[in-house]
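J.: Quick note, the sequences are listed as chains A and B, same order.
Our numbering applies: residue 2 is where the first sequence begins, and numbers increase by one.
Our numbering applies: residue 23 is where the second sequence begins, and numbers increase by one.
Keep in mind the hints are simulated off the structure, nothing from the lab.
We put the CB at the ideal spot given by N, CA and C, even for glycine.
Some hints could be false.
Here are a few chain B residues that face chain A, going by a calculated C-beta distance under 8 Å [as the list claims (entries may be wrong)]:
1) Ala32
2) Pro62
3) Lys64
Over the 10 Å line for every Cβ pair with chain A, so calculated as not near, a few chain B residues [stated by the list, open to error]:
4) Thr71
5) Lys81
6) Thr87
7) Ser105
8) Asn119
9) Lys120
For the chain A half of the interface with chain B, some residues (derived, Cβ under 7 Å), not all of them [as the list claims (entries may be wrong)]:
10) Pro62
11) Glu64
12) Phe66
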Amino acid sequence: NAGVMQNPRHLVRRRGQEARLRCSPMKGHSHVYWYRQLPEEGLKFMVYLQKENIIDESGMPKERFSAEFPKEGPSILRIQQVVRGDSAAYFCASSPSTGLSGELFFGEGSRLTVL
Amino acid sequence: EDQVTQSPEALRLQEGESSSLNCSYTVSGLRGLFWYRQDPGKGPEFLFTLYSAGEEKEKERLKATLTKKESFLHITAPKPEDSATYLCAVQAAEYGNKLVFGAGTILRVKS
């Protein structure tokens with residue numbers, strides 16, 4: 002009965018490299034959310050996806066960031082040409098339906114450090 | 023302008039010393055207000071959902087209440103294991119399905 006699985010837990014990249022963060026939702030969950038948490042700040046919404054569809058990407062930076070949730074496999078958050086300001090904890094959450102209950106199940110996060 | 027504001031930023035309590043955390047919000051068309059707990063190095067864990075003013079929810083030493091502009095998380099006779107960051111989030115018509123989180127209150131309970 003695994004929860005939301007994120008990997009890697011820790012990732013170190015140099016400026017200009019690419020970072021790929023993966024998220025496997027809980028079994029039976031078809032809705033995935035990505036949030037970013039900077040030190041001493043709250044969680045900031047990035048993107049909401051259902052299988053093969055991006056529903057809301059209003060929190061995604063316009064450049065360098067992309068997300069997908071394919072029919073098979075985990076959701077991927079991709080950051081191209083990383084900069085130091087991208088250093089943060091990235092959390093994935095899943096829900097079984099539209100998430101209108103607000104009960105999201107979070108993973109333990111992927112902590113990205115950009116040198 | 024922040025839509026969700028939590029206070030205090032940090033709170034230190036002695037074991038058994040009851041207190042309250044505040045979450046105020048300025049959104050319109052509130053669909054729900056949610057409390058989460060986050061331990062260091064972990065993801066947030068869901069605690070409560072409140073939908074309408076006057077509603078209350080309880081779980082062990084925690085009780086959450088909601089008014090038209092704010093919510094309180096009351097902690098009665100806290101224990102050291104209650105130490106964590108408590109996050110408040112709102113879901114509103116203007117935001118669709120996503121949750122908008124406050125910055126959190128860091129609670130430390132000393133024995």
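J.: Is the interface hint satisfied for A:Glu64? The criterion is a beta-carbon contact with chain B at less than 7 Å.
T.: Hint violated; A:Glu64 Cβ to chain B Cβ min 21 Å, cut 7 Å.
J.: Once the closest CB in chain A is found, is it more than 10 Å from B:Thr87?
T.: It holds; B:Thr87 is separated from chain A by about 16 Å at its closest Cβ, greater than 10 Å.
J.: Holds or violated: B:Lys64 as interface residue toward chain A, Cβ cutoff 8 Å?
T.: Check passed: Cβ of B:Lys64 comes within 6 Å of chain A, closer than 8 Å.
J.: Hint validation: B:Pro62 versus chain A, beta carbon distance must be below 8 Å. Holds or violated?
T.: violated, 11 Å
J.: Examine each Cβ of chain A, and state whether all of them lie more than 10 Å from the Cβ of B:Asn119.
T.: violated, 5 Å
J.: With d taken as the least Cβ-Cβ distance between B:Lys120 and chain A, does d exceed 10 Å?
T.: The claim is violated: B:Lys120 sits with its nearest Cβ about 5 Å from chain A, within 10 Å.
J.: Taking 10 Å as the cut and beta carbons as the points, is B:Lys81 off the interface with chain A?
T.: holds, 13 Å
J.: With chain B as the partner, please determine if A:Phe66 meets the hint condition of a C-beta pair closer than 7 Å.
T.: violated, 16 Å
J.: Is the nearest Cβ of chain A still more than 10 Å from the Cβ of B:Ser105?
T.: Holds, because the least Cβ-Cβ distance between B:Ser105 and chain A comes to about 17 Å, which exceeds 10 Å.
J.: Grab the minimum C-beta distance from A:Pro62 to chain B and call the hint holds if it beats 7 Å, violated otherwise.
T.: violated, 16 Å
J.: With 8 Å as the cut and Cβ atoms as the points, is B:Ala32 at the interface with chain A?
T.: violated, 11 Å
J.: Checking the smallest CB distance to chain A, is B:Thr71 really beyond 10 Å?
T.: Given that some Cβ of chain A is not farther than 10 Å from that of B:Thr71, nearest at about 5 Å, it is violated.
The earlier numbered hints that this structure contradicts are 1, 2, 4, 8, 9, 10, 11, 12.
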